[in-house]
Structure formats: structure tokens, C-alpha cells
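Undergrad: Letter by letter, the chains look like this.
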Amino acid sequence: AQSVTQLDSHVSVSEGTPVLLRCNYSSSYSPSLFWYVQHPNKGLQLLLKYTSAATLVKGINGFEAEFKKSETSFHLTKPSAHMSDAAEYFCVVSARGSTLGRLYFGRGTQLTVWP
Amino acid sequence: DGGITQSPKYLFRKEGQNVTLSCEQNLNHDAMYWYRQDPGQGLRLIYYSQIVNDFQKGDIAEGYSVSREKKESFPLTVTSAQKNPTAFYLCASSIESKGHGYTFGSGTRLTVV
Chain V
20 AQSVTQLDSH VSVSEGTPVL LRCNYSSSYS PSLFWYVQHP NKGLQLLLKY
70 TSAATLVKGI NGFEAEFKKS ETSFHLTKPS AHMSDAAEYF CVVSARGSTL
120 GRLYFGRGTQ LTVWP
Chain Y
42 DGGITQSPKY LFRKEGQNVT LSCEQNLNHD AMYWYRQDPG QGLRLIYYSQ
92 IVNDFQKGDI AEGYSVSREK KESFPLTVTS AQKNPTAFYL CASSIESKGH
142 GYTFGSGTRL TVV
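So the protein sequences, as listed, match chains V and Y. Going from the first sequence to our numbering is simple: count from 1 and add 19. Going from the second sequence to our numbering is simple: count from 1 and add 41.
These are calculated hints, taken from the structure and not from any lab test. One thing to keep in mind: the hints can contain errors.
[As the list claims (entries may be wrong)] Partial chain Y-side listing against chain V, Cβ under 10 Å, derived:
id, residue
1, PHE53
2, ALA72
3, GLN78
4, PRO80
5, GLY81
6, PHE96
7, ALA102
8, CYS132
9, GLY148
10, THR152
All figures in this text were calculated on a predicted structure; none of them were measured in a lab. Glycine residues also receive a C-beta, built at the ideal position from the N, C-alpha and C atoms.
Bound conformation, chain Y alone:
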């Protein structure tokens, strides 16, 4: 079955470390997105990519980086510059850039220890 796979499900990071969250999709979707979720704040857009080798900053990109070398993959790196990285991270993809046909992964919960 097609879908989005995020890994790991839970991730612990020491302060000052970079960590990379994986997002892979086999839906042949062009557009992919990373959202951060904090309690009571809904989802906020970190980065998005509409085609391979191209990506754009969202509303809260500071302290994060991404790459889109393959259509299927859109990894997110949380750098040491991100001051409050503890959150639930959701990856999504859509069938085209109009925002319809979104599919979400099951998320990665990142905790700084």
C-alpha cells in the first residue's frame, strides 16, 4: 500500500546535537511538507518542496534544514540552532501543488534531554 513513512517514531537528542528525521513516500507525490506541532498551537509549516532539488522556507524555518534529492525523500535536520526543538513533527505530501489530496505520516516525537 502507498503511504508516507516517518522514522524514527521517538527520538531523543542531547542539547547541541543535530538530528535528522526521515520522511519517505511511495505515492509519487510532487509536493512534500514538514510541519511542527506544539500543544494548543496547531501545525506550523517549517519547509516545503514542490519539486526535486527545490524547497522553500515556511513560517518557522529557523534552526531547521531540508534536502530534496529524490522525489520520494524529504529529510528534515533539526540543528543545534533550534532553541526549542522538543515537539511532534509531521511530514506530509500532496498529489499536486494546489493542496488537495494531502497524506500525512504518523509523526516523529523529538525530545531534547
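Chain V extracted, bound-state conformation:
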């Protein structure tokens, strides 16, 4: 079975400070892991994805995530927050060994950035 737990429903940071959004996963197969961002009333935009290559994955807008199999984690980080980063973020897992292409979503983390 596949599942994702996002450990914080809300995270607040000041502009210019680091961002950490935490995600743990469970997967019966070798997982593919993704982070998506959603701005209000918009669709989802892919930030980055892990598909068994390098464990440190760099994405768009300065975000990166590290796949840690021993900890079953895939936390999202950014060294310096910008006001435009304020949005909802979803950690997502799919099962590469499965014949199905469905994604399993975490409940989301709302990121607030204070000036």
C-alpha cells in the first residue's frame, strides 16, 4: 500500500529565512516521489520529482528535496523564502512497481511567508 504523511498542516516563515516542509511516505514498491505546489484556485504545478536517480533532487524556484530511504522521508527545503512561495504544497507518492499510474497525495502543507 502507498501513503503519504505531511507532518505539518501549516508552516509560517519570514521572508529570507529557510523553509522546511516535512513528508514521510509508505510504499510497497520502489516509490517515485513528487512535490507539487498549488496557488489559490489553481491547478497543481510540479516542483520536483524523485524516480530512483540521485537522492538529492533539485526543483524549480530554488526548492530541493532529499530522498532518505532509511527514514522513509522526502522533506522539501529552500534556503531563503520569498513572498511568492506562499501557497499549498503537496507531497505525493506513486508506486513504480505497480501497473497503475495513480498518485497518492498527502493532505497538504499551507506555507505562509511574512514580510
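Dock chain Y against chain V, hints included.
TA: Same frame as chain V, now just chain Y:
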């Protein structure tokens, strides 16, 4: 440019009415999906289709129906049997059935009045 188009962006429905949400893609993707989004619950899978004329129920299919008569189109009907239809609905497609290369539409917000 290729992408997924969902329409309408906002939709209001009276109780007891069926409504159909449109999803069209010109990416030549085989697989298409419908997700429902509620605050604090992430996205939950309603239906998915891996090929034309075939579709499967997801986790919350009750009160919904779909069709896949063309590769490009995957409309979702919210029926009167769906007791709590007010939500944000997202359509997605993927390049193949392994779940990689997902593209999402911009969503339809359905409100029951």
C-alpha cells in the same frame, strides 16, 4: 501549446441536479484522472481511465460517473446521488500508466446552492 483544459472554472448547481464537468487534453496522453479536493484532505481519486472506452473507480466514486469515448476527453458527471458535491475538482493526464509525467488542469470549483 499542449495542455489540459477544464471548463467551466466555476459552476453552481441546485440540489437534485446533475452537472457535467469538462476535461479536454491535447497532449496525446493515454491515462486521465479525476480528483476531488477538499480543504485539509489533499486530493482524492474519483475515477481514472488508462485507455479509450475503459475506466476504473477510484477511492470516492459514489455519486459520480465518467465516460471515455475519445482519447482527448474525460468528462465527469456529478449526479444527484452525490450528497456533498461542493468541492474543487481537478482533472489530470499522464503520458503512460506508470504515473510519471502528470499534467493537471486548472480545476473547476463546484458549489451547490
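Undergrad: Give a verdict on every hint.
TA: Status of the hints after comparison with the structure:
1. Given the 10 Å rule on beta carbons, the hint for PHE53/Y is violated: about 15 Å separates it from the nearest Cβ of chain V.
2. For the restraint placing ALA72/Y at the interface with chain V, the shortest Cβ-Cβ distance is roughly 5 Å, inside the 10 Å limit, so the hint holds.
3. With 10 Å as the threshold, the beta carbon of GLN78/Y comes within range of chain V, its nearest partner Cβ sitting at about 8 Å, so the hint holds.
4. Because the closest C-beta pair between PRO80/Y and chain V is about 9 Å apart, less than 10 Å, the hint holds.
5. With a cut of 10 Å, the hint placing GLY81/Y at the interface with chain V holds, because the nearest CB-to-CB distance is about 6 Å.
6. The beta carbon of PHE96/Y comes no nearer than 13 Å to any beta carbon in chain V, farther than 10 Å, and the hint placing it at the interface is violated.
7. The interface hint given for ALA102/Y is broken, as the beta carbon of that residue sits about 13 Å from the closest beta carbon of chain V, more than 10 Å.
8. At a threshold of 10 Å, the smallest CB-CB gap from CYS132/Y to chain V is about 9 Å, leaving the interface hint in force.
9. Look at GLY148/Y: its Cβ gets to within about 5 Å of chain V, closer than 10 Å, so that hint holds up.
10. Hint on THR152/Y is violated. Least Cβ distance to chain V is approximately 12 Å, over the 10 Å limit.
Hint check: violations occur at hints 1, 6, 7, 10; the rest are consistent with the structure.
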